[in-house]
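J.: Line by line, the protein sequences give chains A and B. Each residue of the first sequence is one higher than the one before, counting from 1 in the working numbering. Each residue of the second sequence is one higher than the one before, counting from 1001 in the working numbering.
Simulated from the structure, these hints should not be mistaken for laboratory data. As the structure is a prediction and not an experimental result, all values here were calculated from the model. No residue lacks a Cβ here, since even glycine has one placed at the ideal position from N, Cα and C. Warning: the hint list may mix true and false statements.
[To be verified] Computed cross-link-like contacts, DSSO-like style, restricted to lysine-lysine with a CA-CA straight-line distance of at most 30 Å:
#1 A:K308 x A:K41
#2 B:K1093 x A:K360
#3 A:K308 x B:K1077
#4 A:K308 x B:K1078
#5 B:K1093 x A:K158
[Said to hold, decoys possible] Chain B stretches covered by chain A per the calculated footprint, using a threshold of three residues with CB under 8 Å from any CB of chain A:
#6 1034-1043
#7 1074-1085
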Amino acid sequence: MKKINKLYELRIFIKRTRKKLKRKQKHTNNNYRFMGQKVSKIITIPPYLDLEKHLEKTLDFIKNLGEEVRENESIVIDHSYMIQISQEALLLLTSEIERSIKKKDSSLKGNKKFMPKNKDIKELLNKIGYWKYFNIKSQKNKSSHKGKYYLDIKSDTKANPMYVGELIEFFEQIISFEDNIRDKFNDALFEAVANVVEHAYIENQKIFYIEGKWWLTASLDFSNNIVSFTIFDQGIGIFKSLGSPNRKKPLSDGLKNIVNMIKSKDFGKIPKLKEYPKITLLKKLINESEKLSRHETIGRGNGFKSFKRFINEVESGEMLILTDNISYKVISGETKILEQPLNGTLISWTIKVDNNSNKKIHLKKEI
Amino acid sequence: MNVIKYNFAKEFTKYPGGRYKTLGDFSGEQFREEVLENIFKSDDTIIELDTSGVVTSFTPSFLDEAFGEMARRYGVKKFKEKVKFLDKKLEEKLEEYLQ
């Protein structure tokens, strides 16, 4: 009897080992099968993605991800090596995945093997609604970062005021605004979304796009009392949208000159010199005091100005604009010319909030 | 004079939107066409707007497209005769769009 059992166990062992070997072989031959379908490519998300220390690498990865997804029949996106990802980079990742799978008329499917192993990443992706966004059942994990809250990733092709309402309600869980500051905050948020829908996209963009589409998220971080909001679109970028012949509203002469300079092929024989008018243009867009009436508006700039006014009122904050190959921090004035352009525009706001109830914006209570 | 008491949050929205209908729901253009134009068609009707219950504030684009546009079409004097606000702060804010 014992002998039969041993033989049986041996047969099972051999069978399992053969199966494992076969699976491994398929994997290494780049002929992996996932949920019954042949996979031609496995894309691994790098351990670190953010728009500070790893800015160039992040943009490079996002661009490659899009290309790989569009070029290959079916792919697997491996999340298992992720260690750290910023809110902004996560929004870029989400949008690129969505654009690519939409083009293929496909969907993202979950598999434990390719899910993150790092517990902070697991928690972040759950809290920010990453899996929910792609209709994938989220991973179970114990929450460790009690002090950080995220608004689920939102996306639409319209400037629906409900989203701004949800954002305000999210922030008001812990923040008190003075009435007029609340209005300014509301205006800045709404302008940011409306600007994308109205100005960010043009017909026949080179890379597949979903017209009017924006993605946003927000967070509250109690470890440093920072509130942040990020919005991204995959449009033509600020410079091209200002220079577009489809513009309904005329630009001022000063802005028109700079736009023409950017468009001119002869400008900037020295590499990178041609990028400086872009920085000048961004600075002008944000800092020039132009009226917000319909007749004088220059469109894309209004959202920036609204938020600049808001930051000036609350006296603490920063706004990052990443568009084309320019990164510009509005308050500190820090600018970077990037090797790898971003397909679209990302705007990220951070506001430092404190407990001082005399301030126009302050923390309600600790949670 | 026929006075229409209009509860904005209940009858239109708690979340007023942007300028044009094409951009999203509850825009200034939509409010102007669906509500204000009807008031101005009738000589003996005025509207009293109660905006309490509105969760988000009125964006400059909404105010300009709904109210500013009516003032430009019919004149500021007639606009002020026909549109009344319970919220005096909003009425003050609106002044810059009535020029």
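J.: Are the Cα positions of K1093 (chain B) and K360 (chain A) separated by 30 Å at most?
T.: 19 Å, holds
J.: Decide if the proposed pair is consistent with the structure: K1093 (chain B) and K158 (chain A), CA atoms, cutoff 30 Å inclusive.
T.: Given pair K1093 (chain B), K158 (chain A) holds - Cα atoms ~26 Å apart, limit 30 Å.
J.: Closer than 8 Å Cβ to Cβ for three or more residues is the test here. Does the stretch 1034-1043 of chain B pass it with chain A?
T.: Violated - the stretch 1034-1043 of chain B has 0 residues with a Cβ nearer than 8 Å to chain A, which falls short of three.
J.: Against the 30 Å threshold, does the CA-CA distance of K308 (chain A) and K1078 (chain B) hold or violate the hint?
T.: 36 Å, violated
J.: For the pair supplied as a hint, K308 (chain A) and K1077 (chain B), confirm whether the alpha-carbon distance does not exceed 30 Å.
T.: 34 Å, violated
J.: What's the verdict on K308 (chain A) and K41 (chain A), does the C-alpha distance respect the 30 Å limit or exceed it?
T.: Since the Cα atoms of K308 (chain A) and K41 (chain A) sit roughly 44 Å apart, the hinted pair is violated (cutoff 30 Å).
J.: Report holds or violated for chain A covering the stretch 1074-1085 of chain B, Cβ cut-off 8 Å, minimum 3 residues.
T.: violated (count 0)
Checked against the numbered hints above, the structure violates hints 1, 3, 4, 6, 7; every other hint is satisfied.
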